[in-house]
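Dock chain B against the given chain A, drawing on the hints supplied.
This is what each chain is made of:
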Amino acid sequence: MMVKHKSFILSFAVVAALVLSLGLSARSAAAAVPAEQYITDNIQKGLTILNNAQLSKEQRKTEFQGFLLGITDINVIARYTLGQYRRSASPEDLTAFDAAFKDYAMAVYQSYFTKYSGQTLKVTGSYALTADETVVKAATVDPKKPGAKPFEVNFRVQNTGSRQVVVDFSVEGVWIRELERNDFTSYLGQHNGDVKALIAMLKAKAAQSK
Amino acid sequence: MRNLVLLVLLGLVAAGCAAGPEPRDPYEATNRTVFDFNMTVDRLALRPTAERYNAYVPEWARDGVHNALDTLQQPVVFANDVLQGAPSRAGETAARFLTNATLGVGGLVDVASRVGFAGHEEDFGQTLAVWGVDEGPFVMLPFLGPSNPRDAVGLGVDVALDPTNYIRVKRHVFWSGVHLYGKVLDARSRNLEVLDGIERDSLDFYATVRSLYRQHRASEVRNGMPAPAEPPLTE
Chain A
361 MMVKHKSFIL SFAVVAALVL SLGLSARSAA AAVPAEQYIT DNIQKGLTIL NNAQLSKEQR
421 KTEFQGFLLG ITDINVIARY TLGQYRRSAS PEDLTAFDAA FKDYAMAVYQ SYFTKYSGQT
481 LKVTGSYALT ADETVVKAAT VDPKKPGAKP FEVNFRVQNT GSRQVVVDFS VEGVWIRELE
541 RNDFTSYLGQ HNGDVKALIA MLKAKAAQSK
Chain B
197 MRNLVLLVLL GLVAAGCAAG PEPRDPYEAT NRTVFDFNMT VDRLALRPTA ERYNAYVPEW
257 ARDGVHNALD TLQQPVVFAN DVLQGAPSRA GETAARFLTN ATLGVGGLVD VASRVGFAGH
317 EEDFGQTLAV WGVDEGPFVM LPFLGPSNPR DAVGLGVDVA LDPTNYIRVK RHVFWSGVHL
377 YGKVLDARSR NLEVLDGIER DSLDFYATVR SLYRQHRASE VRNGMPAPAE PPLTE
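Residue numbers (our numbering), protein chains in the order written: chain A, 361 to 570; chain B, 197 to 431.
Chain A with its partners taken away, still in its complex shape:
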């Protein structure tokens, strides 16, 4: 089972890197569902940034970070990861946490995308979760190993009325927001719910990943 688990960790991490780096290729046919089209379009945008040879490494990172922040609601994700500790946190701590989480997420995601930007991803379908939310399904494609088993990637897209945003994604059934929530709340549980300690830890991790 450790074997299987580790094999899955490999799958998850590699595909998470793919998703976060958006080293993706869009489905050629136009997507009928707006959320599918939204993901397909952003796959192309991500590719454009990653393949822009005129940008320096740092410029590419900065531009890609701006791109990621533009398509995700990072605050919704951040607040979810606090779990029950969100209720007891002060407004100041919440604000500081949002900022620390954003830096942490971007640093972690960037460290992945620099390693796995050569992979591709195509949108394969979608299903409605609620009236405002759609899960867009996609699958990985490895250009070097076309026969390799694809990994299933889902994007949870929320329509806010004025725009669409990604509020979560999963790789092989593992939702990143739930994963981070388990990580953070476990840490908080061992530190008497001290959000300041969590913020400090996130900053340290972000600095470590840069």
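What the hints contain is simulated information worked out from the structure, not anything from laboratory work. Quick caveat, the model's predicted, so the values are computed rather than measured. Fair warning: there could be bad hints in the mix.
[Unchecked claim] Chain B is nowhere near these chain A residues, computed Cβ spacing over 12 Å in every case:
#1 Gln404
#2 Leu410
#3 Ser416
#4 Glu418
#5 Thr422
#6 Gly430
#7 Ala456
#8 Asp458
#9 Gly521
#10 Arg541
#11 Leu548
#12 Ala557
#13 Gln568
[What the hints assert, rightly or not] Covered stretches of chain B (chain A as the covering partner; in silico rule of three or more C-beta atoms under 8 Å from a C-beta of chain A):
#14 268 to 280
#15 308 to 316
#16 412 to 423
[Said to hold, decoys possible] Cβ pair distances, simulated, as ranges:
#17 Glu452(A) - Met421(B): 53 to 61 Å
#18 Leu299(B) - Gln414(A): 40 to 48 Å
#19 Gly420(B) - Pro503(A): 22 to 30 Å
#20 Leu388(B) - Leu415(A): 28 to 36 Å
#21 Ala291(B) - Leu454(A): 52 to 60 Å
#22 Gly430(A) - Pro338(B): 44 to 52 Å
Backbone N, C-alpha and C define an ideal beta-carbon position, used for all residues, glycine too.
For chain B alone, kept in the frame of chain A given last:
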């Protein structure tokens, strides 16, 4: 099989008073101790071996080993497809096995995926879940990693279902050891960097591994279909 069940029961009894804050992980304190042990084994034995394997064995050879191990696993997948009442998936598995075992030079080359017989995972833990057996509490097994009573029992049944384990008695232990070692080495060598990355980025690596395992297993049981209820946006 008997030893495995005993191991699980022993772990549960030993950890009986160590309830943690996570409802599905009532034996967290003991699980964390076992996790630390597993990580030590990894640092001292698995990781160094996997690093040498990657350094000295070319990628095409490692892919061949991986494909062969996958082919050897297909009879177990097939049996569980049948037990779950999934004839079309069982047919796909049988086709995959036959294709790779013949055209794939004894399983060394994954021809099946290229001709449309994509592989999928099935095991007796998933079969029990399909039959309605609850996963039970999370447990961290020595050497074997994250699990639960349902999946641990399933693992034992899968060993019994594996026809390669019935090769002549004198060679049984030898073969089982090589087979298991091959699986461990293959899996570990393929995730050296990414496992380091997950550990580095986690605040609590144990909690992250627990969440990874539980979410992924639930998805495997559903065969990738949507969950009845996705996690809510707010707590």
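Worksheet item: Which of the stated hints cannot be reconciled with the structure, identified by number in ascending sequence?
Response: 10, 11, 12, 13, 14, 17
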